[in-house]
Amino acid sequence: MSPQRPNRCWVVVRTTIALGWLLVVWVMLWGTWSVGTVLSGLLVVFGIAVVLPLPRVDVRWRIRPLRFAVLVGAFLRDLVVSSVQVAWLGIRPGPPPNSAVIGIRLRSSSDLVLTVVAELLTLVPGSVVIEVSQTEHSLYAHVLDIDDTQQVEEFRERVRELEERVTRALGTEADVRALSEVP
Amino acid sequence: MTAQLLEILSAVLLLSGGALTLAAAVGLIRFPDVLARMHAATKPQVLGLLLVLAGVGIQLRDNVDVWMLVLAGLFQLLTAPVSAHLVGRLAYRTRHSRRDQLTVDELERDAPGA
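These protein sequence lines are chains A and B, in that order.
Heads up, the first sequence is in the numbering used here, so the first residue is 1 and it goes up one at a time.
Heads up, the second sequence is in the numbering used here, so the first residue is 1 and it goes up one at a time.
Treat each hint with caution, since some may be false.
Label pairs and their in silico Cβ distance ranges [what the hints assert, rightly or not]: (1) B/15 <-> A/136: 29 to 37 Å; (2) A/92 <-> B/3: 37 to 45 Å; (3) B/93 <-> A/148: 40 to 48 Å; (4) A/48 <-> B/2: 40 to 48 Å; (5) A/65 <-> B/32: 42 to 50 Å; (6) A/156 <-> B/7: 44 to 52 Å; (7) A/135 <-> B/61: 46 to 54 Å; (8) A/33 <-> B/75: 31 to 39 Å; (9) B/32 <-> A/174: 37 to 45 Å; (10) A/136 <-> B/83: 35 to 43 Å.
Interface residues of chain B toward chain A, partial, derived using beta-carbon atoms under 7 Å [to be verified]: (11) 16; (12) 18; (13) 20; (14) 26; (15) 32; (16) 35; (17) 38; (18) 40; (19) 43; (20) 89.
Rough simulated footprint, nothing fancy, chain B against chain A, three-plus residues with beta-carbon under 8 Å [stated by the list, open to error]: (21) 28-42; (22) 89-101.
What the hints contain is simulated information worked out from the structure, not anything from laboratory work.
Where is the CB? At the ideal position from N, CA and C, for every residue including glycine.
Input sequences plus hints: build the corresponding full structure.
Here's what the structure looks like:
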């Protein structure tokens, strides 16, 4: 896999992964790996590929299994913590919490990192992403329960940590280098 | 013995998942604006559903439908943030949110009128 020239071999690999994933979903829906489900699945998958082709997305990434496990582990921990926090904010007596819209500029210029960070940020630490700028690699999140500027800085720090985990799990070497280069 | 432990685990998962989803529903009503409500709809709701699915998965154990639960959980994780983002973005842009509730608004500062 050479990122410089996306040769035909790489295109075949990529298409196989995409179609294979659809086939796996199909078989999981039926629940059994019988010849019938696989064959009908292949028919459906190739039908989808022909009728509804998706645009090509050029993202460079590499997966580091250990760092990826760290990312998933941290995500599950955050999911539990923030779920309980938001649930408590919802049911506790008293006035509703204050919130804030906070902008964060990411250090890496990778679209993949931006996408994954935005997606995870909406699921985890008390935030919903409301605006993303692909050209400036920045995103704006609505964050619950923010009362002062110190909490704003704490949130920014959490996002930096999240970005670092995502980049180390899925980013290219250049993305990882950018983490330490940009202040 | 193992079967009993699994029963208890499954019951705990189902109940805690249900409790989280209930709290999410209460938050959905009590939070002041669309943006805050999106928080209730994404976090406790997603985890609540995952816990319920896990509880049901234990009940079904050897059934082939367990895989469908895995898919339901997976797609919930993939799609909930996207819909929350779109609804939140729309609510902010069309000013259907309570901006007076915000401590800081850096989007208004960086892109006035957005």
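Handout entry: Hint validity - residue 18 of chain B Cβ closer than 7 Å to any chain A Cβ
Key = violated, 12 Å
Exercise for the section: With chain A as the partner, please determine if residue 35 of chain B meets the hint condition of a C-beta pair closer than 7 Å. Expected result: Holds - the Cβ of residue 35 of chain B comes within 7 Å of chain A, reaching about 4 Å at its closest.
Exercise for the section: Starting from the hint 46 to 54 Å, judge whether the C-beta atoms of residue 135 of chain A and residue 61 of chain B obey it. Expected result: holds, 50 Å
Practice task
Please test the hint of 37 to 45 Å on the beta carbon pair from residue 92 of chain A and residue 3 of chain B.
Solution key: Taking Cβ atoms as reference, residue 92 of chain A and residue 3 of chain B lie about 38 Å apart, which means the hint holds.
Handout entry: Coverage of the segment 89-101 of chain A by chain B (three or more Cβ within 8 Å)
Key = holds (count 9)
Handout entry: Interface hint status, residue 26 of chain B versus chain A (Cβ within 7 Å)
Key = holds, 5 Å
Problem - Status of the hint placing residue 20 of chain B at chain A (closest C-beta pair under 7 Å) - result: Result: holds, 6 Å to nearest chain A Cβ.
Problem - residue 75 of chain B and residue 33 of chain A - C-beta distance against the hinted 31 to 39 Å - result: violated, 21 Å
Practice task
Could you tell me whether the CB distance from residue 136 of chain A to residue 83 of chain B stays inside 35 to 43 Å?
Solution key: violated, 24 Å
Exercise for the section: With a cut-off of 7 Å on the beta carbons, see whether residue 43 of chain B makes it to chain A. Expected result: Because about 5 Å separates residue 43 of chain B from the closest Cβ in chain A, which is inside the 7 Å limit, the hint holds.
Handout entry: Status of the given 29 to 37 Å range, CB of residue 136 of chain A versus CB of residue 15 of chain B
Key = The hint (29 to 37 Å, Cβ to Cβ) is violated, given that residue 15 of chain B and residue 136 of chain A are roughly 45 Å apart.
Exercise for the section: Could you tell me whether the CB distance from residue 93 of chain B to residue 148 of chain A stays inside 40 to 48 Å? Expected result: violated, 27 Å
Of the numbered hints listed earlier, those contradicted by the structure are 1, 3, 8, 10, 11, 12.
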